[in-house]
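Residue numbering for the sequence shown follows this note's numbering, beginning at 298 and increasing consecutively.
Think of the hints as simulated: they come from the structure by calculation, not from any bench.
For clarity, every value in this text was computed on a predicted model and none was experimentally measured.
Ideal placement from N, C-alpha and C gives every residue a C-beta, glycine not left out.
Don't take each hint at face value.
As a list, the in silico PhoX-like pairs of lysine-lysine whose alpha-carbon atoms are at most 20 Å apart [what the hints assert, rightly or not]:
1) K339 x K411
2) K494 x K397
3) K339 x K351
4) K339 x K299
5) K488 x K397
6) K411 x K472
7) K397 x K351
8) K411 x K397
9) K411 x K390
10) K488 x K390
Computed spacing ranges between beta-carbons, pair by pair [said to hold, decoys possible]:
11) P386 x R364: 35 to 45 Å
12) S394 x D340: 46 to 56 Å
13) A328 x E395: 30 to 40 Å
14) D408 x K299: 37 to 47 Å
15) E391 x F363: 34 to 44 Å
16) E391 x N369: 32 to 42 Å
17) E350 x A329: 35 to 45 Å
18) L467 x L300: 34 to 44 Å
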Amino acid sequence: FKLPPLGYANDALEPHIDAQTMMIHHDRHHAAYVNALNNFAKDVPELGSTPIEKTLADPAYIPLQFRQGVSNNLGGHWNHTFFWELMTPGGAKEPGSELKSAIEGSWRNVDEFKERMNAAGVGRFGSGWAWLIHDGSGLAVVSTANQDSPISDGNTPLLGVDVWEHAYYLKYQNKRPDYIDAWWNVVNWAKVAEGFKAASG
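Please take these sequences and the hints and turn them into a complete structure.
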């Protein structure tokens, strides 16, 4: 398991997400998940050669004494790798036409969808994520605890916002709603559209 590069500078998402938070989040928190997985792989060699999504969907091959630890860290690694790609400096302010039409088919408009995502993120007690998913038949907004992944429930994540305190506390303190509002300014809608096309095709 390797820590993927961010793909942009730590300060690229300023002023919405500060450089110090990005450095700590990527170089320390995400790195810790990767290091833990490499340790687990010493005991469970199959872990290192099995696609991450396959393990998240069906971790039955992981010995019981390692399963929760593997699940926590594998989810953390996958979620964060995806999260970095879901953000970009200077991206589009709203989804492209195909994705926008799908969102408007599930909610009144993009603003109502954002309100649902915000509510899922703000309402997540403790640590976790808010997600836009494709559940096989259409779009839905869900929330998961800790580093749980929608993949484990058979769903395809399209967009996710990390609402662990380490994602925002340095800049926003306990004001999670302010962080989520700011985060919409850095969403990589092209990446979300790519996932939507793959999931609905």
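Consistency of the hints with the structure:
no.: 1; hint: K339 x K411; result: violated (42 Å)
no.: 2; hint: K494 x K397; result: holds (12 Å)
no.: 3; hint: K339 x K351; result: holds (19 Å)
no.: 4; hint: K339 x K299; result: holds (15 Å)
no.: 5; hint: K488 x K397; result: holds (13 Å)
no.: 6; hint: K411 x K472; result: holds (17 Å)
no.: 7; hint: K397 x K351; result: violated (30 Å)
no.: 8; hint: K411 x K397; result: holds (12 Å)
no.: 9; hint: K411 x K390; result: holds (12 Å)
no.: 10; hint: K488 x K390; result: holds (13 Å)
no.: 11; hint: P386 x R364: 35 to 45 Å; result: holds (38 Å)
no.: 12; hint: S394 x D340: 46 to 56 Å; result: holds (49 Å)
no.: 13; hint: A328 x E395: 30 to 40 Å; result: holds (36 Å)
no.: 14; hint: D408 x K299: 37 to 47 Å; result: holds (39 Å)
no.: 15; hint: E391 x F363: 34 to 44 Å; result: holds (43 Å)
no.: 16; hint: E391 x N369: 32 to 42 Å; result: holds (34 Å)
no.: 17; hint: E350 x A329: 35 to 45 Å; result: violated (21 Å)
no.: 18; hint: L467 x L300: 34 to 44 Å; result: violated (20 Å)
Violation of the numbered hints given earlier is confined to hints 1, 7, 17 and 18; the remaining hints are satisfied by the structure.
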